[in-house]
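**Q** Build the full structure now, drawing on both the sequences and the hints.
Residue-level listing of the chains:
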Amino acid sequence: MLNIKKAIAILVAVASACIALYAAPAMAHGEKSQAAYLRMRTLLWYDVEVSTVKLKVNEELVMTGKFYWFYDWPQNIAKPDLAFLNIGIPGPVFVRKASYINGVSGTNSTSFDIGATYEFKVILKARRPARVHMHALMNVSEAGPLIGPGRWVEVTGNQSDFTNEVTTLTGETIDLETYGLANAIKWHVFWGVIAAAWLLYWIFQGPILIPRYKTVKLLGEDADDMVTPFQRTLGLVMLIGTMVVVVWSYYDAHKQYPVTIPLQSGQVSIPALPDAARGVNAEMVDAKYRVPGRSLEFTLKVTNNTNSPIRIGEYTAANIRWMNPEVSVAEPADSHDPVAVNGLKYEGGAVMPGETKLLKVSCTDAAWETYRLAKLIYDPDSRFGGLVFFFDEEGTRSVVAIGGPLLPVFI
Amino acid sequence: MFKGINALLLVLVSTVSWGHGGVMNEGNECKLRVGPYVMNFSGYQPENNDSKQFCDDMPTIGKSIIVLDFIDRKLRDMTVNFRVIKATEAALGTAEDGVVNDAELAQTPFFEIPAKEYPTGTMTVSQNFTEKGHFVGYVIVEGENEKFISRFPFSVGYPPKGIPEALKIPIAFFFVVVIVMVWFLRRKPVAFNEKQD
Ligand SMILES: [Cu+2]
Numbered sequence: 066m067l068n069i070k071k072a073i074a075i076l077v078a079v080a081s082a083c084i085a086l087y088a089a090p091a092m093a094h095g096e097k098s099q100a101a102y103l104r105m106r107t108l109l110w111y112d113v114e115v116s117t118v119k120l121k122v123n124e125e126l127v128m129t130g131k132f133y134w135f136y137d138w139p140q141n142i143a144k145p146d147l148a149f150l151n152i153g154i155p156g157p158v159f160v161r162k163a164s165y166i167n168g169v170s171g172t173n174s175t176s177f178d179i180g181a182t183y184e185f186k187v188i189l190k191a192r193r194p195a196r197v198h199m200h201a202l203m204n205v206s207e208a209g210p211l212i213g214p215g216r217w218v219e220v221t222g223n224q225s226d227f228t229n230e231v232t233t234l235t236g237e238t239i240d241l242e243t244y245g246l247a248n249a250i251k252w253h254v255f256w257g258v259i260a261a262a263w264l265l266y267w268i269f270q271g272p273i274l275i276p277r278y279k280t281v282k283l284l285g286e287d288a289d290d291m292v293t294p295f296q297r298t299l300g301l302v303m304l305i306g307t308m309v310v311v312v313w314s315y316y317d318a319h320k321q322y323p324v325t326i327p328l329q330s331g332q333v334s335i336p337a338l339p340d341a342a343r344g345v346n347a348e349m350v351d352a353k354y355r356v357p358g359r360s361l362e363f364t365l366k367v368t369n370n371t372n373s374p375i376r377i378g379e380y381t382a383a384n385i386r387w388m389n390p391e392v393s394v395a396e397p398a399d400s401h402d403p404v405a406v407n408g409l410k411y412e413g414g415a416v417m418p419g420e421t422k423l424l425k426v427s428c429t430d431a432a433w434e435t436y437r438l439a440k441l442i443y444d445p446d447s448r449f450g451g452l453v454f455f456f457d458e459e460g461t462r463s464v465v466a467i468g469g470p471l472l473p474v475f476i
Numbered sequence: 071m072f073k074g075i076n077a078l079l080l081v082l083v084s085t086v087s088w089g090h091g092g093v094m095n096e097g098n099e100c101k102l103r104v105g106p107y108v109m110n111f112s113g114y115q116p117e118n119n120d121s122k123q124f125c126d127d128m129p130t131i132g133k134s135i136i137v138l139d140f141i142d143r144k145l146r147d148m149t150v151n152f153r154v155i156k157a158t159e160a161a162l163g164t165a166e167d168g169v170v171n172d173a174e175l176a177q178t179p180f181f182e183i184p185a186k187e188y189p190t191g192t193m194t195v196s197q198n199f200t201e202k203g204h205f206v207g208y209v210i211v212e213g214e215n216e217k218f219i220s221r222f223p224f225s226v227g228y229p230p231k232g233i234p235e236a237l238k239i240p241i242a243f244f245f246v247v248v249i250v251m252v253w254f255l256r257r258k259p260v261a262f263n264e265k266q267d
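Chains as they are written, first to last, in this note's numbering: chain Z, 66 to 476; chain X, 71 to 267.
Hints should not be assumed to be uniformly reliable.
Okay, the calculated bits of chain X under chain Z, using three or more residues with CB under 8 Å as the criterion [unchecked claim]:
1) 107-114
2) 154-166
3) 176-182
List time: in silico DSSO-like cross-link candidates among lysine-lysine, alpha-carbon distance up to 30 Å [to be verified]:
4) Z/Lys186 x Z/Lys131
5) Z/Lys190 x Z/Lys162
6) Z/Lys440 x X/Lys238
7) Z/Lys353 x Z/Lys440
8) X/Lys144 x Z/Lys440
9) Z/Lys320 x Z/Lys251
10) X/Lys217 x Z/Lys353
11) Z/Lys353 x X/Lys144
12) Z/Lys425 x Z/Lys353
13) X/Lys101 x Z/Lys440
14) Z/Lys186 x Z/Lys97
15) X/Lys238 x X/Lys186
16) Z/Lys410 x Z/Lys131
17) Z/Lys425 x X/Lys133
18) Z/Lys121 x Z/Lys186
19) Z/Lys97 x X/Lys202
20) Z/Lys144 x Z/Lys162
21) Z/Lys410 x X/Lys202
22) X/Lys186 x Z/Lys425
23) X/Lys144 x X/Lys101
24) Z/Lys119 x X/Lys144
25) Z/Lys97 x X/Lys101
26) X/Lys238 x Z/Lys121
27) Z/Lys410 x X/Lys238
28) Z/Lys366 x Z/Lys320
29) Z/Lys440 x X/Lys186
Please keep in mind that the hints were generated in silico from the structure rather than gathered at the bench. Bear in mind the structure is a predicted one, so any value in this text is a computation, not a measurement. Even for Gly, the Cβ is constructed at its ideal location relative to N, Cα and C.
**A** Have a look at this one:
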């Protein structure tokens, strides 16, 4: 005979094995697990910085940076018509005190323009001691979180010292950490007890679940007789009582707090920053990925419409930076900051004002593989994207988005 | 019957994480462990199998490329020595595979890439294997005050034994479907009013 329990157990085992098969080693919070094209062709972050990496409970941390909405947005990803700037941290280690996008408060959701650049600033207050990998992230409706570069941040001190004081409209100072907590617990317990009592009462009123279903089937049209007149009266009392308590609590709350404003759910619109390309134009001529060398090689047709010679200092995509130290220097901020200090090389030299020139660029680093960007070449649409930073003699930067199809080569 | 299926499934599932010494196939990534540090291991045979990536064993002879990508940044400041020694037997598939053998290390290697730093985090090894055989690979990393050795036996030119990789999931899926079907067919239809207590 077939043992059903055993069969179910085996099914569960098989299902979990199948899941385990496909659950590739999970990364902290998706920084490597999102598809390469998603990380390279949606939101490109740069200049991201934190004001401190070590702070005490109650101290503030400011994260600043810029983001660019890639012009060649993937067709299968929802456009940023409704988006909210957030910070990704495992657990409530910080509270957000304020956030700004181009100086406009980021309390509300926003819509963004594809091809535009914005800058942001988020002010956080440390709440409990922990060491966390913190990311800026943009929640895009229907598309999910688009993650910015991560930084290791350590909070020390004691959580019991944490306060989160604000002054209300009526001039009262309250601590949001504990404000209204007792009242919330009181109401949860109140309704919980009533609900549990109601459930318990019915458990002991005749058959339940399948036996009750069988009885109902048996009784047919007379099934309603299973409910006694007393039970009907009790039900009515519960119904009226519930409505009375809800209405009373509503009016009572209104009497205690006459001056309130509703939760703000509007959508603000924020104008973009001026074009960061500043008169530099770059077009992708061709691009290939050298598989054994872990190197992206592309040719750019660059036109310099500024009045100073320009050179390439950096290429960045998916929060990884390839630096050309002859022009621009950057060091990894911590052990998990993917900066290829000497990763970018190019032929062609400076582009003079008014000149159009072909530049051959190569960006080399193990990060192509360890951050799973090279998986792009196995996609049915192997297009990539990124930002190229040009610098003029004075060090003024022009940021130009590039992108196009990518071909793998093995020699 | 269930014991059999169970055993078979366990065999299928257990192959998900297998290894030869320092090289481990974890999920869909091939990792090489050297002391506390981890590298990604990729093998390519561009002339035979365009873009397919192998984990330690090379299925055919010919031009082969092994690429090591350092996951830990620390490895970029250390020297890496890669050497391959001819062996008489294939990997055992036991913990023995990973045990460093000093006699082997003293031998003249079949080929070797002397210790060098790799600041881009990638080490590429190209080698033309002209005949099939068994080998032992060694990766030796050396930093200021530390030195770690990883040993991994591998074979060249022997097609993989057992159930081909590409068939494992379809076979597992097939058994799931069979089990579900058996379970539903054996279930007696529920009849109401048939039995009352
Ligand atoms: Cu992270």
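**Q** Are Z/Lys320 and Z/Lys251 close enough, with their CA atoms no more than 30 Å apart?
**A** Status holds; Cα separation ~19 Å.
**Q** For a C-alpha distance cap of 30 Å, please report whether X/Lys238 and X/Lys186 respect it.
**A** Violated, at roughly 40 Å.
**Q** Next pair to validate is Z/Lys353 with Z/Lys440; report whether the Cα-Cα distance is within 30 Å.
**A** Since the Cα atoms of Z/Lys353 and Z/Lys440 sit roughly 13 Å apart, the hinted pair holds (cutoff 30 Å).
**Q** Run the distance test for Z/Lys425 versus Z/Lys353: straight-line Cα separation, threshold 30 Å.
**A** holds (11 Å)
**Q** Does the structure keep Z/Lys121 and Z/Lys186 at a Cα separation of 30 Å or less?
**A** holds (20 Å)
**Q** Regarding the pair X/Lys101 and Z/Lys440, is the alpha-carbon distance no greater than 30 Å?
**A** holds (16 Å)
**Q** Mind checking, does the segment 176-182 of chain X have 3 or more residues with a CB under 8 Å from chain Z?
**A** n = 0 at 8 Å, threshold three: violated.
**Q** Within 30 Å, alpha carbon to alpha carbon, are Z/Lys119 and X/Lys144?
**A** Distance ~22 Å between Z/Lys119 and X/Lys144 Cα, so the pair holds.
**Q** Given the hinted pair X/Lys144 and Z/Lys440, is their Cα-Cα distance within 30 Å?
**A** holds (24 Å)
**Q** Is Z/Lys440 within 30 Å of X/Lys238, Cα to Cα?
**A** With Cα atoms ~22 Å apart, Z/Lys440 and X/Lys238 stay inside 30 Å; holds.
**Q** Just to be careful, I want the Cα atoms of Z/Lys410 and Z/Lys131 compared with a cutoff of 30 Å; is the pair within it?
**A** holds (25 Å)
**Q** If you draw a straight line from the CA of Z/Lys410 to the CA of X/Lys202, is it 30 Å or shorter?
**A** Cα-Cα ~39 Å, so violated.
The earlier numbered hints that this structure contradicts are 2, 3, 10, 15, 19, 21, 26, 27, 28.
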